[in-house]
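Participant: First to last, the protein sequences are chains A and B.
Take the first sequence: its position 11, counted from the start at 1, is 11 in this note's numbering, and no numbers get skipped.
Take the second sequence: its position 555, counted from the start at 1, is 555 in this note's numbering, and no numbers get skipped.
If you're looking for bench data, these hints aren't it; they were derived computationally from the structure.
We treat Cβ as the ideally placed atom computed from N, Cα and C, and that holds for glycine.
Where hints are given, some of them may not hold.
Distance windows between CB atoms, simulated [to be verified]:
| # | chain 1 | residue 1 | chain 2 | residue 2 | range |
| --- | --- | --- | --- | --- | --- |
| 1 | B | SER353 | A | ALA21 | 41 to 47 Å |
| 2 | A | ASP8 | B | LEU256 | 49 to 55 Å |
| 3 | B | PHE363 | A | VAL38 | 31 to 37 Å |
| 4 | A | SER53 | B | SER635 | 51 to 57 Å |
| 5 | B | LEU256 | A | HIS94 | 27 to 33 Å |
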Amino acid sequence: MGRATSKDAQALIHSLRSAYAATPSSLKIIDLYVGFAVFSAIIQVVYMAIVGSFPFNSFLSGVLSCIGTAVLAVCLRIQVNKENKEFKDLPSEHAFADFVLCNLVLHLVIMNFLG
Amino acid sequence: MAVTKTEPINGSTTKSSAPPLQSMPLKSDLLSILSLKSLRLKTKQQELLIRVSILCLVYVLAFITRLFSVLRYESMIHEFDPYFNYRTTLFLTQKGFYEFWNWFDSESWYPLGRIIGGTLYPGLMVTAAMMYWGLRFLRFAVHIREVCVLTAPFFASNTTLVAYFFGKEIWDTGAGLVAAVLIAICPGYISRSVAGSYDNEGVAIFALLLTFYLFVKAVNTGSLAWGLASAFGYFYMVSAWGGYVFIINLIPLYVLALLITGRYSMRLYVAYNCMYVLGMLLAMQIRFVGFQHVQSGEHMAAMGVFFLMQVFYFLDWVKHLLNDKKLFEAFLRITVTCAVGVGAIALGVGTASGYISPWSGRFYSLLDPTYAKDHIPIIASVSEHQPTAWSSFMFDFHILLFLFPAGLYFCFKRLSDATIFIVMYGLTSMYFAGVMVRLILVATPAVCLISAIAVSATIKNLTMLLRTKSKVSQTGSTKGTGGGKTSSKAMLDQSQPFQRNGAIALLFGAFYLLSRYAIHCTWVTSEAYSSPSIVLAARGAHGNRVIFDDYREAYYWLRQNTPPDAKVMSWWDYGYQITAMGNRTVIVDNNTWNNTHIATVGRAMSSYEDEAYEIMRSLDVDYVLVVFGGVTGYSSDDINKFLWMVRIGGGVFPVIKEPDYLVNGEYRVDKGAAPKMLNCLMYKLSYYRFGELMTEYGKPPGYDRARGVEIGNKDIKLEHLEEAFTTSKLDRSYLQGQAAK
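So that you can see chain A by itself, here it is in the shape it has in the complex:
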């Protein structure tokens, strides 16, 4: 049973890898950015677990800025991805401009909230 599942897991990882390699590089850049943002959020949470959450608003603003920008990048990826039929009339410059605008608002609010 264990061997079956490990073989399954290997086949899973292998097919995931090969399928992912086929995605266009612009989307891969966005995925990299998302991964980086989530990674910094995790680091901040671990730091908070060690040191304590005293200025809670600072902790929240740090974590939420990472999560927020990750989520917005995922939205951008969805809108820019050629395979999504719903967004085929949306020019990618428009999607990027929306992304920049939302990030601007996000970070302005974060600056206010940092204390």
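Given the coordinates of chain A, assemble chain B onto it according to the supplied hints.
Facilitator: Below, chain B alone, put in the same frame as chain A:
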């Protein structure tokens, strides 16, 4: 010239509403001058003109129908809560933002004080202050009171515009127009937004509808910009009213419903995530809300759905990548068990350790209506928090009550993301409206929108039956209020004249119903919802109008005849008004944030005079204010509220027991009343020297007109207090002096 003129007439014959009689050029000239064609407008432009003029008229209508009390009495602030809002707005305009955010008020809740800067919802005050500064900048010398009085009608007009756009988004422009008209005059909304009712709900309903409209627009278009706009709408709502909890729970519920029924799409992901993250961050900028979005149980549904969405869409993406069912299923199993496990553990640990606070009493009593009566008497005592009777529904909604199920039927016939949303909004808000009278206000926009769909769809179908494509073209009988446009030419079978006659009859019936609705709404507004509560009117014996302005008389007496640092004790209802108009420190007021303090006052009012004197000494009380309606028959006075004082006081101090004040479970003030009742402070203060007064012809002196009995204890002597001032009919103030001994 005639040739070129008839060309466009020919081309748009079937869509226009003016009868073209081409065979008589003279007549056609005359008619074309009178019709819109003389302006050389095409059909689309005519339609735009009609729509814009309807919206302008509705805008003006929504404003002027709320002005009854300003015309009848004067431009003043009504009720109790608006006086606090007025006082804070005055402070903001006089002292500026910095002082406002950092305001610690030592004039209320003596000796505790209240941190006003951090415990109010600033949206309303900031909005009124902005309008005031804007008008001042344009050199209109208005007083802030006028701006405050007219804020609610102005925002009601804006709500009708938002309702139009929302209706257009859900159904079509016809439904939007009907929705705008319905909500302009609907009594459920008017009740909390008349001129003078300067309360949070006046702007909050505008913000609520705006947020919902922007969110539905974001879901329909999948655009990040609309999601950002809805986040700002949510921010405005959070700054305006505590009812924003409804939004932050309804939208996740909607997303969950879409996920479960399989109607999800990429647009939903973009809309919800953008709105949730940005909205949450913006909402946390309001000090009163603070960290509740991550710490309070009421907001956890939104966070749960957020995480669920990430998992859900991630799985969707992996499924799309893999193209192999077996592998995917294995992956699915692992991920789902991990995600559910982690989520459950986090939720469990958070709730058990108390980090995630449970649902607060205010909102829990909506889910369990019997909770407040047993555990939180203050919430149960407010008259607006009682369950709603059918008559209230009929009073506030009239024909919308049966148009609502009809609209639900139409929505189900044509399900889309937007109609699912409005159906969920309608059903959940109707449930809450049934639990608490005050929440009829929240249900009103949903009911108006859904009823508008019913009206618009029905009238559209009926007029389609009427429009024929015969040689002599007939005009479809159009509605006075709605402008439903039809795009198809219906070919009518001439052998079924009954269909057309039936359609005409039904259209007349619909017109009749809607006109009755308009009459009812205007009557309700005029009779029931336009009284300022602080000024009362009645008919005298000769039919003349008698005005009772006693409240303001008493407050101005306090302002002008007591030392500036005097402290006034009264029941919490009058606290805001005393600080705003009397400008004196009060012990408790309508904010009701400290139950023990209110219970102390309740205990003082229900004790014998000696014990009450001790309590009043400890609170530094100088004056006691009591409202008494026995002379005029006013039934909202303190003796009628007295049992709540006993219950609230008894909730904290077990020495006060409610059965002591009742006789066989009955509340009496005449000779047969309980001895503790006859000698408690409230009784003595209300009926002091009342035994000598003849109130009604043919009745003995000391006849209480509000209770309809002769009072029991006519010979009242006060030891520690002396009567300071009694207004002509209602209010009595007592000065606390030194002990006689």
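Participant: Given the range 49 to 55 Å, decide if the beta-carbon distance of A:ASP8 to B:LEU256 lies inside it.
Facilitator: violated, 31 Å
Participant: Lying within 41 to 47 Å: is that true of the beta-carbon distance B:SER353 to A:ALA21?
Facilitator: holds, 44 Å
Participant: Within 51 to 57 Å or not, the Cβ separation of A:SER53 and B:SER635?
Facilitator: holds, 54 Å
Participant: Given the hint of 27 to 33 Å, is the C-beta distance from B:LEU256 to A:HIS94 inside that range or not?
Facilitator: holds, 30 Å
Participant: Hint says 31 to 37 Å; check whether the CB-CB distance for B:PHE363 and A:VAL38 agrees.
Facilitator: holds, 33 Å
Going through the hint list in order, the structure does not satisfy hint 2, though it satisfies all others.
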